[in-house]
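Novice: If you read the sequences in order, they're chains G and Z. For the first sequence, numbering that gives the first Met the number 0 begins at 0 and goes up steadily by one. For the second sequence, numbering that gives the first Met the number 0 begins at 0 and goes up steadily by one.
Just so you know, these hints were derived from the structure itself, not from any lab. If you're wondering where the values come from, they're calculated on a predicted model, not measured in any experiment. We treat Cβ as the ideally placed atom computed from N, Cα and C, and that holds for glycine. Be aware that a few hints might be false.
What the hints assert, rightly or not - In the DSS-like style, the derived pairs of lysine-lysine whose C-alpha atoms are separated by at most 25 angstroms in a straight line are: (1) Lys22(Z) <-> Lys4(G); (2) Lys168(G) <-> Lys123(Z); (3) Lys176(Z) <-> Lys283(G); (4) Lys19(Z) <-> Lys258(Z); (5) Lys205(Z) <-> Lys127(G); (6) Lys283(G) <-> Lys125(Z); (7) Lys336(G) <-> Lys244(Z); (8) Lys176(G) <-> Lys205(Z); (9) Lys329(G) <-> Lys176(Z); (10) Lys63(Z) <-> Lys176(Z); (11) Lys115(G) <-> Lys205(Z); (12) Lys205(Z) <-> Lys335(G); (13) Lys335(G) <-> Lys22(Z); (14) Lys99(G) <-> Lys123(Z); (15) Lys4(G) <-> Lys19(Z); (16) Lys73(G) <-> Lys115(G); (17) Lys316(G) <-> Lys115(G); (18) Lys329(G) <-> Lys63(Z); (19) Lys125(Z) <-> Lys115(G); (20) Lys176(Z) <-> Lys205(Z); (21) Lys205(Z) <-> Lys336(G); (22) Lys1(G) <-> Lys205(Z); (23) Lys152(Z) <-> Lys314(G); (24) Lys205(Z) <-> Lys63(Z); (25) Lys4(G) <-> Lys123(Z); (26) Lys125(Z) <-> Lys316(G); (27) Lys158(Z) <-> Lys336(G); (28) Lys99(G) <-> Lys125(Z); (29) Lys19(Z) <-> Lys329(G); (30) Lys176(Z) <-> Lys22(Z); (31) Lys177(G) <-> Lys258(Z); (32) Lys205(Z) <-> Lys168(G); (33) Lys127(G) <-> Lys63(Z); (34) Lys123(Z) <-> Lys336(G).
Unchecked claim - Just a sample of chain Z residues kept apart from chain G, beta carbon distances all over 10 angstroms, derived: (35) Asn5; (36) Glu54; (37) Asp71; (38) Lys125; (39) Leu128; (40) Phe161.
Here's the letter readout for the chains.
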Amino acid sequence: MKILKEGTGELVGWHDPDENRAWMAKRSRAIVDKRMSLPDAVSKYVNDGDVIAMGGFGHIRVSMAGIFEMVRQKKRNLTMLGKTGVHDIDVMIGGGILSKIEVAYCFGHEMRGLSKCGRNAVESGRVKVISEISNAGHQWRFLGGMMGVPFIPTRTMLGSDTFRKSSAKVVEDPWTKKPICLVPSCNPDIVFIHVPRSDKYGNCQYDGYVVEDFELARAARTLIVTTEKIIDNEEIREKPWKTLIPGFFVDAVVEVKYGSHPCNMPGQYYFDEVAISEWLDMSKTDEGLQQWLDKYVFGVSNFEEYLELNGGEEKMKYLYELEHYRADLKAPWLDKKLGKKGGK
Amino acid sequence: MAQNGNFYTATHLMAVTAGKVLKDNKSVFVGTGLPMIAAMFAQRTHAPNLLLIFEAGSIGPQMKTLPISVGDSRTGYRAISISTMHDNMSFSQAGWTDYGFLGGAELDKYGNLNTTYIGESWEKPKVRLPGSGGGNDVASLSHSFIIIIRQSKRNFVEKVTFITSPGYLDGPGAREKAGLPANSGPIKVITQLGVYGFDETTKIMKLETVHPGVSIEDIRNNCGFDINIPNNVPTTPIPTREEVKLLRELDPMGMAIGK
């Protein structure tokens, strides 16, 4: 195949498929109890310098509990696959655990505006963007990793600077003779996924909003699952079609109720816009950021204590009602935005 | 805030105008903010069978109120399916997506968009922006796309700092030459001042309508490149009071349309 163009972005998370097969071959297929504490899972499986990806999407179904624990344990020099990462990447940047990012979508909070914390880190050089990619391109990197092939051909990114700064290549398609983009497969060293329910063996069931977890779970070289609740294996076997991550892909299972707060857990709780606003405000300055980390990460020993500081069960009941259109959205960032406009 | 004593704002006009571009029984890949409003508006008015597609997986929802994110559970309200990103991006690549919607920090006359960075170099940007997200995919894989953006001399530039999402690149035939799907590309640019199309031969932006109260001079003064302005440009139709009321119902909090 003739190579027509090569992106100059740094290639991360790519493994020769044979090397990756050997890694997967060594992983256990045993049906064993994989439950452990979050501190144990993080200290056992997350290594400084790892290439990491988070399941979910944006502020949806992200394992925030996993991130807080990595920050608490002062993991360092992680390379993040920024596949639409917002609050997750922000806290990882603020918490000092990331040094490089491959960016599909980062440093923004969609309707809420840009993230000062993420922007500051990149603009000052504290965190380095090593490559660009599109959301579909990123997700197809994981598809390639899941399939055990070296790349996936796609018609996205062609002709753009996003391609030019990516780690993809454009080749001449042997059939049509037209240029086609090859995104390199990706098998992250470590992946966290937050799921609605799992049994103790790591069999995870979903209620929609899978996004790219199906591919990511299978591409992961190590997978830590945090789950809203642990259910009995019999329940899994009653509705096996609901299982999207069979347990053998999973290395550790950690039960963390509300473990995605302040993000959205579809069907269970909507965004906590009050908590997100507080983060956006405080993380604007280094002092504010430090205060936030001291209060919510270093000042508590686990996710339950963090949640208590954010209103505990009562808040989660409100977010459940909000998820089901039975409560009004409270969003300080929006009041601010509209207040400003009205003041003009 | 209504302007000039009108019952509608420039944002209302942009949302309604964008919504009207979308035809019934077509499919649209929807992004955060005004695009969502435009698609929801079209579905509640002239295009009840408009098929909404979200990158995070929702297909065919009939959303009640504006979601905050393209992945949040509001995008799945009365959907016909909640699938995956792989599925929705793949069937778009295979030709199922008629329209996409994009915005950006910078736009050039070929409809190329920058949402990656502003400044001297990518390595050390003055302002780091979020990057492509699904933007490049929408620009690459949809049959056509509509750009909603506020225009000024500063952001309507001769050449964008970084082509995050491809318009017609550097002119006619460039998309096909790069390997992008045939006969695809931007079809409209909707701003607070007017509506633009793209010249069929040159692929350069061309003014189609000006919004009420906006002069050709305003258009020129808020554009950093030499803009193609034909003679006798008609005025953009204004929204009706009912249409503005509907926008407020779709976005009761004013997240995208303001208060």
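Novice: Work down the list of hints and note, for each, if the structure agrees.
Specialist: Taking the hints in turn, this is what the structure says about them:
1. Lys22(Z) <-> Lys4(G): violated (38 angstroms)
2. Lys168(G) <-> Lys123(Z): holds (24 angstroms)
3. Lys176(Z) <-> Lys283(G): violated (44 angstroms)
4. Lys19(Z) <-> Lys258(Z): It holds: about 22 angstroms lies between the C-alpha atoms, which stays within 25 angstroms.
5. Lys205(Z) <-> Lys127(G): Violated, at roughly 39 angstroms.
6. Lys283(G) <-> Lys125(Z): With Cα atoms ~17 angstroms apart, Lys283(G) and Lys125(Z) stay inside 25 angstroms; holds.
7. Lys336(G) <-> Lys244(Z): holds (21 angstroms)
8. Lys176(G) <-> Lys205(Z): Not satisfied, since the Cα-Cα distance of roughly 34 angstroms exceeds 25 angstroms.
9. Lys329(G) <-> Lys176(Z): Violated, because 49 angstroms separates the two Cα atoms, which is more than 25 angstroms.
10. Lys63(Z) <-> Lys176(Z): violated (42 angstroms)
11. Lys115(G) <-> Lys205(Z): Between Lys115(G) and Lys205(Z) the Cα gap is close to 36 angstroms, so the pair fails against 25 angstroms, i.e. violated.
12. Lys205(Z) <-> Lys335(G): Roughly 37 angstroms between the alpha carbons, so the hint for Lys205(Z) and Lys335(G) is violated.
13. Lys335(G) <-> Lys22(Z): Violated: Lys335(G) and Lys22(Z) sit about 36 angstroms apart, past 25 angstroms.
14. Lys99(G) <-> Lys123(Z): holds (14 angstroms)
15. Lys4(G) <-> Lys19(Z): violated (40 angstroms)
16. Lys73(G) <-> Lys115(G): Holds: Lys73(G) and Lys115(G) sit about 22 angstroms apart, inside 25 angstroms.
17. Lys316(G) <-> Lys115(G): violated (30 angstroms)
18. Lys329(G) <-> Lys63(Z): holds (18 angstroms)
19. Lys125(Z) <-> Lys115(G): Status holds; Cα separation ~13 angstroms.
20. Lys176(Z) <-> Lys205(Z): Judged against 25 angstroms, a Cα distance of about 23 angstroms means the pair holds.
21. Lys205(Z) <-> Lys336(G): violated (33 angstroms)
22. Lys1(G) <-> Lys205(Z): violated (38 angstroms)
23. Lys152(Z) <-> Lys314(G): Violated: Lys152(Z) and Lys314(G) sit about 46 angstroms apart, past 25 angstroms.
24. Lys205(Z) <-> Lys63(Z): violated (35 angstroms)
25. Lys4(G) <-> Lys123(Z): holds (24 angstroms)
26. Lys125(Z) <-> Lys316(G): The given pair, whose Cα atoms are some 42 angstroms apart, is violated under the 25 angstroms limit.
27. Lys158(Z) <-> Lys336(G): violated (31 angstroms)
28. Lys99(G) <-> Lys125(Z): holds (18 angstroms)
29. Lys19(Z) <-> Lys329(G): Since the Cα atoms of Lys19(Z) and Lys329(G) sit roughly 31 angstroms apart, the hinted pair is violated (cutoff 25 angstroms).
30. Lys176(Z) <-> Lys22(Z): Cα-Cα ~29 angstroms, so violated.
31. Lys177(G) <-> Lys258(Z): Roughly 49 angstroms between the alpha carbons, so the hint for Lys177(G) and Lys258(Z) is violated.
32. Lys205(Z) <-> Lys168(G): Not satisfied, since the Cα-Cα distance of roughly 34 angstroms exceeds 25 angstroms.
33. Lys127(G) <-> Lys63(Z): violated (40 angstroms)
34. Lys123(Z) <-> Lys336(G): Violated. Lys123(Z) to Lys336(G) sits at ~29 angstroms, over the 25 angstroms cutoff.
35. Asn5: Answer for Asn5(Z): holds, closest chain G Cβ roughly 16 angstroms.
36. Glu54: violated (6 angstroms)
37. Asp71: violated (5 angstroms)
38. Lys125: violated (7 angstroms)
39. Leu128: Since the minimum Cβ distance to chain G is about 7 angstroms, Leu128(Z) lies within 10 angstroms and the statement is violated.
40. Phe161: violated (5 angstroms)
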